[in-house]
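*Asks:* So the protein lines, in turn, are chains A and B.
For the first sequence, this note's numbering begins at 1 and goes up steadily by one.
For the second sequence, this note's numbering begins at 1 and goes up steadily by one.
Please keep in mind that the hints were generated in silico from the structure rather than gathered at the bench.
There may be inaccurate statements among the hints.
[Stated by the list, open to error] With a straight-line cut-off of 30 Å between C-alpha atoms, the simulated DSS-like cross-links for lysine-lysine are:
| id | chain 1 | residue 1 | chain 2 | residue 2 |
| --- | --- | --- | --- | --- |
| 1 | B | 220 | A | 165 |
| 2 | A | 194 | B | 104 |
| 3 | B | 104 | A | 265 |
[Claimed, not checked] Okay, the calculated bits of chain A under chain B, using three or more residues with CB under 8 Å as the criterion:
| id | stretch |
| --- | --- |
| 4 | 232-238 |
| 5 | 485-492 |
[Stated by the list, open to error] The following label-pair restraints were derived from C-beta to C-beta distances:
| id | chain 1 | residue 1 | chain 2 | residue 2 | range |
| --- | --- | --- | --- | --- | --- |
| 6 | A | 58 | B | 148 | 49 to 55 Å |
| 7 | A | 46 | B | 148 | 19 to 25 Å |
| 8 | A | 46 | B | 144 | 24 to 30 Å |
| 9 | B | 61 | A | 187 | 51 to 57 Å |
Keep in mind it's a predicted model, so treat the numbers as computed, not measured.
Think of the CB as a built atom: it goes at the ideal place given N, C-alpha and C, for glycine as much as any other residue.
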Amino acid sequence: MAERLRPVDVVTIGVGMTGAILAKDLAASGLKVVGLERGAMRDTVPDFQSPGMHDELRFAIRKALMVDTAREAMTFRNTSGETALPLRRIQGFLPGTGVGGAMVHWNGQTYRFQEADFVYRSRMEQRYGKNFLDPDLSIQDWGVTYAELEPHYDRFEYMCGTSGKAGNIKGQIQPGGNPFEAPRAREYPTPPMKEPYFAALFRKAANSLGYHPFPQPSSNLSQPYVNPEGVAMNACVFCGFCERFGCEHFAKASPQTMVLPALMKNPNFELRTNCQVLKVNLDSTGRKAVSVSYMDGAGREFEQPAELILMTAFSLNNVRLMLLSGIGKPYDPRTGDGVVGRNYAYQTTSGPLVFYDESVNINPFMASGANGTMIADFSGDNFDHGPFKFIGGSYIGAIMTNGRPIEWHPTPPGTPTWGQGWKDAVRRHYNHTVAIGVHGSSTASRANYLDLDPTYKDAWGLPLLRITFDFPDNDIRMSAYVNQKAVEIGRAMGGQAVVGGPRTRPYNPTIYQTTHNTGGAVMGNDPKTSAVNRYLQSWDVPNVFVVGASAYPQNATYNPTGTLGALTYWALDAIQNRYLKSPGALVPT
Amino acid sequence: MKTRAISRSSTRWIIRSLMVLSAIAGAGLTWQAAAQNATQPTAPQTAGRVPDPRHGATIVQNGTDAGAPPCQTCHGPAGDGTGASPRLFGQSREYLMRQLHDFKSATVRPSDVMNPVATALSDDDIADVAAYYATRGEALPPVTRADTASLTRGRTLATVGDNAKVLPACNNCHGPGGAGEPPQLPALAGQFAPYITAQLQAWRDGKRTSGAIPMGTIAKRLDDRDIAAVAAYYQQIRDAAPATAAQQPGTPPQRR
């Protein structure tokens, strides 16, 4: 029998990036906030310190910071005709667990989406005509514009201390930045990181082909910084242990380094770790959430009543909890009806390798997760798609996040996969190879969605989330086009050989591509095609907000974290200045 | 009480430094004058030249015609140091070379003693002296009787860090046990406490600008007790003192 606890004002389900940001300001405004976190507490000191944190086998291969798949996982299949099987190891993407969530082990690439990304369907139909789009694509507008989000992007970047070079300040193109970026109000809070040699090789080649290279915006900082909360951060030392690791240097933006110090000292906030949320309970009308049921680490079940419930878990878990709680109508791929689980998208990536002779020393171990140089000439709608049969695009860049010995061993085609021949090739190429990243948009389609698995259950007896996904034809064509551009840049970089084809089907979740799972509880202006309104508020249960990349109607070219930060502050603004003053639906249905 | 104890030891150190300084000044008016007149290095490091530790040994023992005094006057023939001067043994050739180049500028790495010395050394001299000292040394500094609380604080800062002060563990960069991360980052294990103290103070006060970016930031977050604690802790480390093999180019750092 669940123990019923004293009511509080707000519960956040998950204390990662979105949960910590929302909890901090809501607790500061005087509300009693409880943060329920399924994982453990961890902080820069002592948990991320070396030499323990540089254990590549433990953290990068065995994923010590990720969700424990013996207790909770997802099932996967490529198409709805197949039977999904559980992902018994975390490989294709890296959902976090524990305080700070996935932002503890991210790479720090901090982008804004472009203006066209937020009005995607309107812009595509306007520019290329209604018949241009593949009929199976279910892309749509976000219900919020870039201009509305700009102040919130700004706030997030200044909380992170992001290091970068503006390309467009209030419409004025800035030399050295990304000329395609949407206008921003001011410069980045800190200057870009130093350009490593591999990135300089890329810059030179991109310039020679007439493209517009710029330094990647990075939330691994180029210099010490104190954010608006008074939280101090340090400069990155290029140790090369970002993604899959916590930063021991206080140099990577994460809840631990940007917001937790301010949050944890507020007595209005209570953190409860090792608490697995099972369900959000609704009242008899089904229109109001009354409490959250969870089980603690000792197996005791509790019911926590709250006035306002914030789903702030990883995107996939937000969707699963909505389905488990009966909030919103589940999506049905046969009829196209329903919204929860709809428009799940990913990211379309590829990565040519440039092999050099032994006179070119890359030193890949001197690296940061977001250090690199790239071009946006083929991102989003920055080029005319008229001659092609696809929409969307990719950025192309030299971003080498590490030279870690277990993970970085590029070898050219024809190399034996084991034995002396393989070892010789690794030795020959380890320090003489540049990886080019091609990171592209993912269009939503009717066939890709999330629902509850009919067979497999987690350690608490609840059905796992089932992912049904394969790359749409549109994205396969996009990848073929942009990857060829990347290969051309690779050739201009002067290597001996450039190797690496575009993305092909089927999607394989056992090979790491990106952690950018989006959609499933998408935002919009039409309750028939969105699970939450433009303020990330549930259409059906207005005292539930679902704050995650689950809200993206489709995924854009760029890494999604910057946009998620902006959406979090956008939702916070709506909660503080509109919802709390008059609780109820912020957008009439 | 503790603050006073520290200031006493600092005073002792300053007196010892002054004694060494005056010894050098007395013995070497000529080299100092020569160093002041010295122009830029006359023998730029020859491309592809292999550093010559035997020539380095000559400089260590006899100084140079350009006016550099014998290094062993302060650092000893084996680089063991004295406390007023740092222990050089255990540092990589590359690290020692960079320090000597940094010492050529009093605004980068100010030192009344070392600025003129470095100015009087050519680039080849620097490479040779560094090659010599990188492979020498035996003795460790004495284990002083720092109080237990101070050593505990020092060990915490060195191995774990301090979340409230946004201080990462020293060993994150300086290697497990403070053994260094050659070739770039110096060993701290077995280094004299007065030297570590003086460097942290110099970074904190903005007098020293050389070295990795974080040191200025980190030093500003250390109070006098922290500096004394971390200096005392590293001086008494015995088991992680680096092996000479770590300084050979191409040899991975040794861990114990």
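*Asks:* Indicate, hint by hint, whether the structure satisfies it.
*Replies:* Tested hints:
1. With a C-alpha separation of about 28 Å, the suggested pair residue 220 of chain B and residue 165 of chain A falls inside the 30 Å cut-off, and the hint holds.
2. Note on residue 194 of chain A and residue 104 of chain B: the hinted pairing holds, with a Cα-Cα distance of about 25 Å set against a maximum of 30 Å.
3. Distance check on the hinted pair: residue 104 of chain B and residue 265 of chain A sit about 47 Å apart at the alpha-carbon level, beyond 30 Å; violated.
4. By the rule of at least three residues with a Cβ nearer than 8 Å to a Cβ of chain B, the coverage given for the stretch 232-238 of chain A holds, with 5 such residues.
5. A stretch counts as covered by a chain when three or more of its residues have a beta carbon under 8 Å from one of that chain; for the stretch 485-492 of chain A and chain B the count is 0, and the coverage is violated.
6. The hint said 49 to 55 Å for the Cβ distance between residue 58 of chain A and residue 148 of chain B, and at roughly 33 Å that hint is violated.
7. Separated by about 20 Å at the C-beta atoms, residue 46 of chain A and residue 148 of chain B satisfy the suggested range of 19 to 25 Å.
8. Range check, residue 46 of chain A to residue 144 of chain B: Cβ separation about 27 Å, and the 24 to 30 Å hint holds.
9. Range check, residue 61 of chain B to residue 187 of chain A: about 56 Å between beta-carbon atoms, so the 51 to 57 Å window is met.
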